[in-house]
Amino acid sequence: MNSEYQSINDPNIQRRVVRSRIMGLALLLACLLVTLLLRYYDLQIKDHQRYATLSDENRVHVRAVPPTRGLIFDRNGVILAENRPSYTLSVVAERTEDLDQTLAELKQLLGLTNTELQRFEEQKDQCRRPYGGIPLRFQLTEEDVALLAVNEFRLPGIEVEVELVRHYPFGKAFAHSVGYVGRINDREQALINKDRYQGTHVIGKIGIEKQYEDLLHGSVGYEYVETDARGNVLRVLEREDATPGEDLYLSIDSRLQTRAEELLSGRRASVVALDIETGEVLALLSAPSYDANLFVTGISYSEYDRLLHDINRPLYDRALLGQYPPGSTVKPLYALAGLTTGVVTEDWSIQDYGRFQLPNQERVYRDWKREGHGKVDLRIAIEQSCDVYFYELGNMVGIDVLSEFGHLFGLGQKTGIDMPSEMSGIMPSREWKRAARGLAWYPGDTINASIGQGFSLTTPLQLAQMTANIARRGVSLRPHMVHAVNEVEVEVPGEPLVDINSEHWNIVHSAMEAVVHSIRGTASAQGRGLTFRMAGKTGTAQVVGIPQDAEYDRELLEEFKLDHALFVSFAPVEDPKIAIAVVIENGEHGSSVAAPVARELTVQWLSENPWVVSQTESSNGDRAEEKLDAI
Amino acid sequence: MQSDFLRRMPGIGSATAGHERGLFERLHIDPFLLLVLYLMVAMGVFVLYSAGESQYLINRQITYIGIGTLTMLVVAQIPPLVLQRLSWVVYFGGLLMLVIVLFAGSGVNGAQRWVDLGIIQFQPSEVIKFALPMFIASYLSQRAMPVKFKHLCWALVMIFLPVVLILYQPDLGTSILVAGSGLVVLFLAGLRWRYIVSAIVLAPLIFAGAWIFLLHEYQKQRVLTMFNPEADKLGAGWNIIQSTTAIGSGGWSGKGWMLGTQSHLDFLPESHTDFIIAVLAEEFGFRGVLFLLVGYLLLFVRGLWISYTAKNSFSRLVAGALTFTIFVYVFVNMGMVSGILPVVGVPLPLFSYGGTALVSMFVAFGVLMAISTEQETLHAK
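Top line first, the protein sequences correspond to chains A and B.
My numbering runs 22 ahead of the 1-based position in the first sequence.
For the second sequence, position 128 matches number 121 in my numbering, and the numbering has no gaps at all.
Just so you know, these hints were derived from the structure itself, not from any lab.
A few of these clues could be false.
Said to hold, decoys possible - Partial selection, computed: residues in chain B whose CB lies under 7 Å from chain A: (1) M138; (2) L181; (3) G183; (4) W186; (5) R187; (6) T238; (7) Q255; (8) F279; (9) V282; (10) F284; (11) S300; (12) G313; (13) I333; (14) G348.
No residue lacks a Cβ here, since even glycine has one placed at the ideal position from N, Cα and C.
Take these sequences, add in the hints, and give me the full structure.
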């Protein structure tokens, strides 16, 4: 203890001890200060560039400015697809306090369905930029908007946005032709250029909307926005506007289309009308149809299921995808084949007793008219649709020529219409049968083919195209839907198919005219009261497939066994403007069921367009009809 | 008590006898310290304004500066002798409040740090960080120097009590700093090197024990995050990534006052308290940081000089320990924000928003001023 007191009492020792330690402390302090200095030097001077970049990346986000989708008009400027403002509720996941909690509250508030929540989850999983809103409910009602406005403060991360949503004012009439847009699905997500579709939720799914997706979509714009750590946009630093999509003017005439819709209501049927001079599609309808607007913001499963399993198959585009035996509608074409090859002449005739047999064969091929047509030349054969005449003709011409002519006029191949999908049908030939069935061609096959039965299959569009090609006297024009892009007209050059003697054309046209205007013509009822001359051909196709499903009642199934009714026509005969093909499933009679539809549409089209006036003045239809009847 | 007696004897104190007393000396004010102090605080208010963008915060902070200045001036008038005698009161008072805070405190982030005295709320840990070194200095200055083992043990107990209490708040960072503020007195008092060396050897073992038994999960996480901040970008690592980005993006000259994007766009956490240095570094650049460090350096040099020239052991130990404690706060804060130390949640002295820390800092400077003007006071008598 003594020494201790001594040391206490000695201020010099104390001072020396503490002072030396203070020096040590000063040294330590200096070292640590230098450490700090070096650290801040590293961050601020040496690695400044890296951190400056990081800082910019932090605050500057690129937001896509989606383009406005191009509008779709009909040939008269009637709007077929427009963009309507619609309120959409979306959720920015990063900004919610608790996403599950927020969803639960919204579910209670708005009565969200599981479908909506499921769709939200799917969208959430898809690749997207941070701080992007994920749509939860579309087309909010005013009540919804009000509810959300009241509760917005306690649900951070929810946003009500005004979005332009595609709307189809006609609903059903253009569902198959114009098509519709819908949510981009996983498969499409993989195919599209993701940059182009930033901020866009929809893509053309079918029809024109799909075919012209590139034009309609436009190009995306960008916005560089400064955001805070919670993703709130504070200001726009730079903006590159989006370029709206191109407006499309379809060649379709909405009045013709809606008239066709009326005429086909309650039927499973299809109509295709083509402008003969340009190849433009004037009407393209498949019935029954569905409301295209259902698909725009996502159709409910039950609704989709209902459409999918409807026995009338409303989703099925009969005009382009439906394949039917052309039946007698191909007879004018085969008549041309016969004339061109010289196998038959205008005056060559047969005696029809209602039956035909190949030499040395048992099988009897019957005419639709049991007792036969008597003496039949080419004109009568077309006018009255004599089967036996064409059995003979086909047998003499042979399948190779029939097939060649069929192909020349567009059968058995895609027409090349500007639509995303069409079927090619079948124009049977030896090669086709060998390839498709692995069988040799039998003479009987030719007999079936010569009246458009057997293996022959055509789409309504092909029938219309074939008819237009006949009306144009062998010049082919690719059928097309778009009349003008942004008011710049689209022109398709004509392509001569085959050199056929003009006399032969006159014979066939005149025979087709007789179908409508002669008293014995199969569609003679349609010729009455017409102010112009119309050429046509009826057809009846035997049903190939019948729905095999126990849930449909027998009475309905009986209906499905009935023949399909077909009719093709063009008018006016002297200066053809419009070609029409009508297919009415299980309609039984081409003349009484399908032909009136074509007549009505032709009348409407010709009366609506000015050049018809001169037609009416120059010829007196009724008198001409009487003259024909007298022959 | 004998030493006090000796010190009061005329003629034994050396140096400035007969020196003409200026105004500052009569008011017990160290003009150099005061000038640097106010430069720093003023700069702090500017940075805080930018960080907080709130007049309310600025008004509060200026009020604290006012209170702090008054307290500093009052403390500066107290002779170190009286401080030495009263140090146990402050120490045990602080301990008591640490106990109270554990049972009746309020706080943020699950840690109880605040005690509510009705009119004012304050953090006892901010008081104890200066009360502890003063109490130990008071104890050791009356014992033998260099420190004997027995006294070392007692001193360690004095350190241990508040440290454990703070650790239980839980506030790991402050408890370590408080321990440091006590241990530095031992060092200054001439703790033998063999103790120091064995402490350095034992430290990893103690650390391992603490890791297993004492540290909370979030504290472990903070330490781990320090080593790999990229691992958890939105969680624990977010703060460090954002603060280093803020500092680094400042460059040499900074983005300009009120123009720091990291802080103004809310990327920077706690920008008005613990992370305020990042705001300064972002807006004023490396120039600003240099300016700040020079300011602190001047304070430390002055503090150590006061310690070096102090007339008795208590004053030397207290001045040295206080200076070191302030420095450690600066180092730990700037280190953690720049990512070389774990985020332990200590404020930047004189800059961070917060009443208790600021006022206690002024008190510390008051004590330094009291010590720096002690000699003159004595010998002018």
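Evaluation of the provided hints:
1. M138: Check passed: Cβ of M138 (chain B) comes within 5 Å of chain A, closer than 7 Å.
2. L181: Holds: closest Cβ of chain A sits about 5 Å from L181 (chain B), inside 7 Å.
3. G183: holds (4 Å)
4. W186: For W186 (chain B), the interface hint is violated, since the closest Cβ of chain A sits about 10 Å away, which is over 7 Å.
5. R187: violated (15 Å)
6. T238: The hint holds - T238 (chain B) has a Cβ within 7 Å of chain A, the shortest such distance being about 5 Å.
7. Q255: holds (6 Å)
8. F279: Hint holds; F279 (chain B) Cβ to chain A Cβ min 4 Å, cut 7 Å.
9. V282: holds (5 Å)
10. F284: violated (12 Å)
11. S300: holds (5 Å)
12. G313: For G313 (chain B), the interface hint holds, since the closest Cβ of chain A sits about 5 Å away, which is under 7 Å.
13. I333: Holds - the Cβ of I333 (chain B) comes within 7 Å of chain A, reaching about 5 Å at its closest.
14. G348: Since the shortest Cβ distance to chain A is 26 Å, the answer is violated.
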